[in-house]
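S.K.: Here is how the chains run, residue by residue.
2 protein chains.
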Amino acid sequence: MNKSPIGIFDSGIGGLTVVKAVQAALPFERIIYFGDTARVPYGPKSQITIRKYAADDTAMLMRYQPKIIIVACNTVSALALDIVEKSCGHIPVTGVLKAGARLAAEVTKNNRVGVIGTLATVSSNAYGLAINQINEEIEVISQACPLFVPLAEEGFIDHPATKLIAAQYLAEITQKGIDTLVLGCTHYPILRKVIEETVGPEITIIDSADAVALRTRELLTEAGLLASTRNATTPHLLVSDLPQKFSMLYQLFMGSEMPDVELVEV
Amino acid sequence: MNKSPIGIFDSGIGGLTVVKAVQAALPFERIIYFGDTARVPYGPKSQITIRKYAADDTAMLMRYQPKIIIVACNTVSALALDIVEKSCGHIPVTGVLKAGARLAAEVTKNNRVGVIGTLATVSSNAYGLAINQINEEIEVISQACPLFVPLAEEGFIDHPATKLIAAQYLAEITQKGIDTLVLGCTHYPILRKVIEETVGPEITIIDSADAVALRTRELLTEAGLLASTRNATTPHLLVSDLPQKFSMLYQLFMGSEMPDVELVEV
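Protein sequence lines correspond, in order, to chains A and B.
Residue 95 is where the first sequence starts when you use the numbering used here, and the numbers rise one by one after that.
Residue 95 is where the second sequence starts when you use the numbering used here, and the numbers rise one by one after that.
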């Protein structure tokens, strides 16, 4: 079981930021990653559709007998974590949302936390609920930033248009006295620099990808499931479609050349 | 047969610009529209996936026995029009791409035509091939504008960021002496004003939605299939998912309140 892989899935390639964070936190582990690139994005879709997709994605990873499943998709974490838990039996499950919420609740000093994400994540108020389950004193202020994903994927990392859009999206939320801001979408670490510059140095950025990697290390340690010897360093990649830009995007997210990718059908 | 509906499909809601153009050109006709909102966008996906989706979309419309099928999706028009034709028997099929190409070839005076669209449409060079089939003297210069769809859907119609991005995308193409520019994506008419201002008054904009509406009128007239009495004015809408923003987007695209929508499974 210790040698079993860590299974990670996302609606597309955004979850690669989680792969990168898990590699950094757990360098001995094998990783299997499924990106549902044929049906990306989940964010704007309805809850019924998102829950169906979450079951499919879990079933896909279960073929590889993972020792833990990480839901790298904020939308699924927000709307369908129970479906993932039901579909995978006794294996532990962790998601970017709960992990990000835990870390934010620990870090905030003035109990005012901002959350940015897709429209679906923000409308669900799932971060707010998760943070208030830990500490109901914390006030959570959310803002949807729908253009951040396409801007990240277009590589407009440091573009004046990205700065203008960030300024517009973040104006209100930063005026509300938050001391902590959760990047509630796996794409947003790509735009971290612009976001940091826009909100200023007083606000601590919480990257849910880092948070879930740390949480995974805790869970595997508790269960005695850490790998004891170094395994393959490149992740095993499964995708439901191979988009034209995939190799460029892999490099943007991972900072390294793309390994072989396996095309699977959901 | 004359009373049968006109079937129109698109990967999502972008094809509503075609619905609007067809309503204007053929006010007596009944329209049935299918938007594959569960699997939108097609643009960044692979050709195999796009061809599979095109067959599904055609089958969906065929249940309603349309007298003609309009492919309102540029990506499907570019990569899978033959699949649509094979899947619908003897019914005439027309697509935004061929219609836009025909009109551009008629309008250009200096035989230099620009085309803007999604990455998939532009990479396929399908507009270039279609235009050169009509007149091989015409030089076609293309540019992918991946951020135009999310900007349109976010309602950033007249936003400074949209102007900056348009200036960047269109700088090269407008310096190449084109006198005609094809909007090769159904979303782009929403941003027509910014695009027109960016390219200047010397360049004639061709809207593929208008072009395919005119072509549909020609085909129905030739086949003696025009409706002779006024039918329902609101289109019958089918979608594979009902996104949260659908009603806002319907209003953005159609300029009127959203009618009832039928949720279907593909």
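Some hints here could point you the wrong way.
Note that identical chains are pooled: a pair holds if it fits in a single copy or bridges any two copies.
Think about it this way: if two alpha-carbon atoms lie no more than 30 angstroms apart in a straight line, the pair counts; the simulated DSS-like pairs of lysine-lysine are [as the list claims (entries may be wrong)]:
hint, residue 1, residue 2
1, Lys146, Lys203
2, Lys339, Lys270
3, Lys97, Lys287
4, Lys203, Lys97
5, Lys270, Lys97
6, Lys180, Lys114
7, Lys339, Lys203
8, Lys257, Lys339
9, Lys146, Lys257
10, Lys203, Lys180
11, Lys270, Lys114
12, Lys287, Lys146
13, Lys287, Lys180
Hints listed in this document are in silico derivations from the structure and should not be mistaken for laboratory results.
S.K.: If a hint holds in the structure, say so; if it doesn't, say that too.
M.R.: Against the structure, the hints:
no.: 1; hint: Lys146 - Lys203; in the structure: neither (39 angstroms within a copy, 52 angstroms between copies)
no.: 2; hint: Lys339 - Lys270; in the structure: between (38 angstroms within a copy, 26 angstroms between copies)
no.: 3; hint: Lys97 - Lys287; in the structure: neither (36 angstroms within a copy, 58 angstroms between copies)
no.: 4; hint: Lys203 - Lys97; in the structure: neither (40 angstroms within a copy, 68 angstroms between copies)
no.: 5; hint: Lys270 - Lys97; in the structure: neither (47 angstroms within a copy, 58 angstroms between copies)
no.: 6; hint: Lys180 - Lys114; in the structure: within (27 angstroms within a copy, 45 angstroms between copies)
no.: 7; hint: Lys339 - Lys203; in the structure: neither (41 angstroms within a copy, 35 angstroms between copies)
no.: 8; hint: Lys257 - Lys339; in the structure: both (24 angstroms within a copy, 25 angstroms between copies)
no.: 9; hint: Lys146 - Lys257; in the structure: neither (36 angstroms within a copy, 39 angstroms between copies)
no.: 10; hint: Lys203 - Lys180; in the structure: neither (36 angstroms within a copy, 64 angstroms between copies)
no.: 11; hint: Lys270 - Lys114; in the structure: neither (32 angstroms within a copy, 42 angstroms between copies)
no.: 12; hint: Lys287 - Lys146; in the structure: neither (35 angstroms within a copy, 40 angstroms between copies)
no.: 13; hint: Lys287 - Lys180; in the structure: neither (38 angstroms within a copy, 50 angstroms between copies)
The structure fails hints 1, 3, 4, 5, 7, 9, 10, 11, 12, 13 (numbered hints given earlier, in ascending order).
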